[in-house]
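Q: Sequence:
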Amino acid sequence: MACGKRFGVLAGLILLSFTCLSQANRYMVFFKDKTGTPFSESEPSAFLSQKAIDRRIRQGIDVLPQDLPVNAAYVTGVKNTGASVFFKTRWMNGVLVQCDPSLLPAIQALPFVDHVEFVAPQPRLVSNGRRALTLRKKANAGGIETQTQLQMLGIPDMHSQNFRGEGMTIAIFDGGFSGVDVAAPFHDVIADKRIDLKLSHNFVYNTKDIFQYDDHGTQVFSIIAASIPDVFTGGAPEASYQLYITEDVRTEYRIEEYNWLFAAERADSAGVDIINSSLGYYDFDQASMNYTTAQMDGKTTVVTRAAQWAADRGIVVVCSAGNEGNIPSWRIISAPADAVDVIAVANVNAQGIVSSSSSIGPSSDGRIKPDLAALGTAVRTISPSGTVTTASGTSLSAPLITSLVAGLWQRFPDFTNKELIDVMKKSATRAANPDFQAGYGIPNYKAVVNYIGRTQHDSVLEVFPNPAADTLKIRSLNPEEVSSCVYEVVSAQGQVMMKGTATFTWLAPDYPANVSNLSAGIYFLRVWIGEQRYTFKVVKV
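Going by the UniProt record's numbering, the sequence shown opens with residue 1, and the numbers climb by one from there.
No lab work stands behind these hints: they were computed from the structure. Incorrect hints may appear among the rest.
Stated by the list, open to error - Distance windows between CB atoms, simulated: (1) Pro111 / Gly453: 37 to 47 Å; (2) Asp196 / Lys418: 37 to 47 Å; (3) Met498 / Ser385: 23 to 33 Å; (4) Pro465 / Thr35: 20 to 30 Å; (5) Asp209 / Asn514: 52 to 62 Å; (6) Asp414 / Asn290: 39 to 49 Å; (7) Val541 / Pro111: 24 to 34 Å; (8) Thr35 / Val231: 51 to 61 Å.
Claimed, not checked - Below 25 Å or equal to it, Euclidean Cα-Cα: the simulated DSS-like pairs (lysine-lysine) are: (9) Lys32 / Lys88; (10) Lys499 / Lys537; (11) Lys299 / Lys473; (12) Lys51 / Lys208; (13) Lys208 / Lys32; (14) Lys499 / Lys446.
Model, not experiment: these values are computed from the prediction. For glycine and all other residues, C-beta sits at the position ideal for the given N, C-alpha and C.
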C-alpha cells in the first residue's frame, strides 16, 4: 500500500487547489484497519457467493483478511460528516465519496481514516466518447464472416467439440454497451438471460443503465457473445456474462482505476471466472495523475494492483496491451497490462504480423510483455444497430483471447487460472523465442490440447469410489514415481474437514481415507505431490 500512501500525499496538495471551488468532487477515503468487522476468513459465505468460494477451493486459494468487508462503523462515520458514500473496496480498505471540499478536514480528522485521495473533479459526468483506446472503424462491412479471427486461435475446432463457454462466467469492463439489449445479434444471450442484470452495473453513474453511452463495449462484447447465423459467430457464445461500465468516456481521471477495482471486487464476489478489460491507463486530464513508464512495473498503479488481486483469487484477467506503439513518448504497454499474472494481448494482422500501433514491452522490471497475441487488425464486430463492422486495435484482440480461455477452461476445469495461462504461453507460436512485440505469440486451441496431452499424464492418481460411503480410496498409478502425498478434504463452504498423508507401494497402491464421519454432501479432495496440486470433486453419501 506504499503507492497509495504516496498518492495520498500528492492528493493532499491537489486538494488545496479545489477547496475554493463551490462544488462536490470525488475522493477515495482509506481506512487504517478493519478492526471490529464482524466478518471472518473462516466464514466466507457471509460475504462471498458459493461460486466464488468454489473457485477458491478448486484452485487451493485461501480467503485472506484483505477479502473481508470494510468496517461498517467506519463507513457510517464518514457518512456522518455529510459526505455521500458510494462504493466500498475490501481489497484497498476504503470508500468512494462525493462531497464538497469543505468536508475534507472533518473526514481526515476521523481517528480510523488513514488518508484521503482526490480522484475526480465535480459530480459524476455525462458520457460522450472514448479517448484512450479508440477503435478505427470501417462501416458497411456486413456479410463478412468471422472465420479469420476465430480460425487464427483454433476456435472453430473448439466449437466443433462443443466447448463454447457453457458454464463459464465472463465479466466485461468497458465504457458502455449501447444496443446490446435490442440488436438482433445479441438476441440469444438476451433471451437466454445470460447477462446477469442484477449484478451488472454502471460504476460511473451508480446506476443499472448499461445499454447506452458508448459502443466500445458493444463491439468488444460482440466478439465474445454475438451471433448471426452463417455470418457472425462469437468466440464464447454460450457463456454467461456480467457487464460493467467502469470507463467514463468523456474524461480521464484516476477514478476510472477505482471503478475498475470496484467492478473486480464485485466480479470476484459473484464467482466470475474471466475478466475482459479492453482499457488501459497511463495519462489523465490532470497531469499530476499521470504515470511514468517506470511505473509500469506490475505493482504500482491502482488498476494494475486490482488486476493482480483478481488474478490471485483465481480469475483469468485478459486485457489489451494498448495502442501506443506509435507514440514516441510512450510506446509501451499501459496499466493493467503490466500486472504479472494477467494476459496482456497484442494486435496482429491476418498474417500474424504485429501492428505498429500495438504497445510493446517489456514491463519496466524486465518481464515479457505483452503475453499473447490475436487478430486486432480488421476485426469483425457488431455495431449498436446490429450490423457487422470492421475495427482495429488491441481492444479487439483481448476478447478473442478471452473466448479461447473460456473454451479451454470448460474443457480443462481442473486447471488453475495460472496453470491455464502457462500452457497457453508454452504452446503458442513464439514459445521458444518470446519477444516484446507479441510475447509468446498466438495461442491455438489444438496446440494447447496437444501440448497438455504430450506433457501431462492423464492422471497420476485415481480417487474412488465416487460417490463414497465410509471409505474414499486414493490410488497411485505409479507408486515408484508417486510414493506419498498430502491430502485434505474440504467442504463446499471452504472448511477443512480432515487431512493426512497417504503412502503407496506396488503391493498396496490404494490408500483408504475414512470419511464415515462426514455428513452427506459435496466435498473437494485436495492432494499435493510435492508442489503439484490436484483437486477432485467427491460426493459423500
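Q: So does Asp209 sit 52 to 62 Å from Asn514, Cβ to Cβ?
A: holds (56 Å)
Q: Does Lys499 pair with Lys537 here, judged by a C-alpha cut-off of 25 Å?
A: Within the cut-off at roughly 15 Å; holds.
Q: Please test the hint of 23 to 33 Å on the beta carbon pair from Met498 and Ser385.
A: violated (58 Å)
Q: Sort out whether Lys446 lies within 25 Å of Lys499, counting only the CA atoms.
A: violated (38 Å)
Q: Is 37 to 47 Å a correct range for the gap between the Cβ atoms of Pro111 and Gly453?
A: violated (60 Å)
Q: Is the gap between the beta carbons of Val541 and Pro111 within 24 to 34 Å?
A: For Val541 and Pro111 the Cβ distance comes to about 54 Å; the hint is violated.
Q: Are Lys299 and Lys473 close enough, with their CA atoms no more than 25 Å apart?
A: Roughly 44 Å separates the two Cα atoms, so the pair is violated.
Q: Starting from Lys208, check that the Cα of Lys32 is at most 25 Å away, please.
A: violated (31 Å)
Q: For the hint 20 to 30 Å, verify it against the beta carbon of Pro465 and that of Thr35.
A: violated (48 Å)
Q: Mind checking the alpha carbons of Lys51 and Lys208 for me, to see if they're no more than 25 Å apart?
A: It holds: about 23 Å lies between the C-alpha atoms, which stays within 25 Å.
Q: Cβ-Cβ distance between Thr35 and Val231: within 51 to 61 Å?
A: holds (58 Å)
Q: Lying within 39 to 49 Å: is that true of the beta-carbon distance Asp414 to Asn290?
A: holds (43 Å)
This entry does not satisfy hints 1, 2, 3, 4, 7, 11, 13, 14, going by the numbered hints stated previously.
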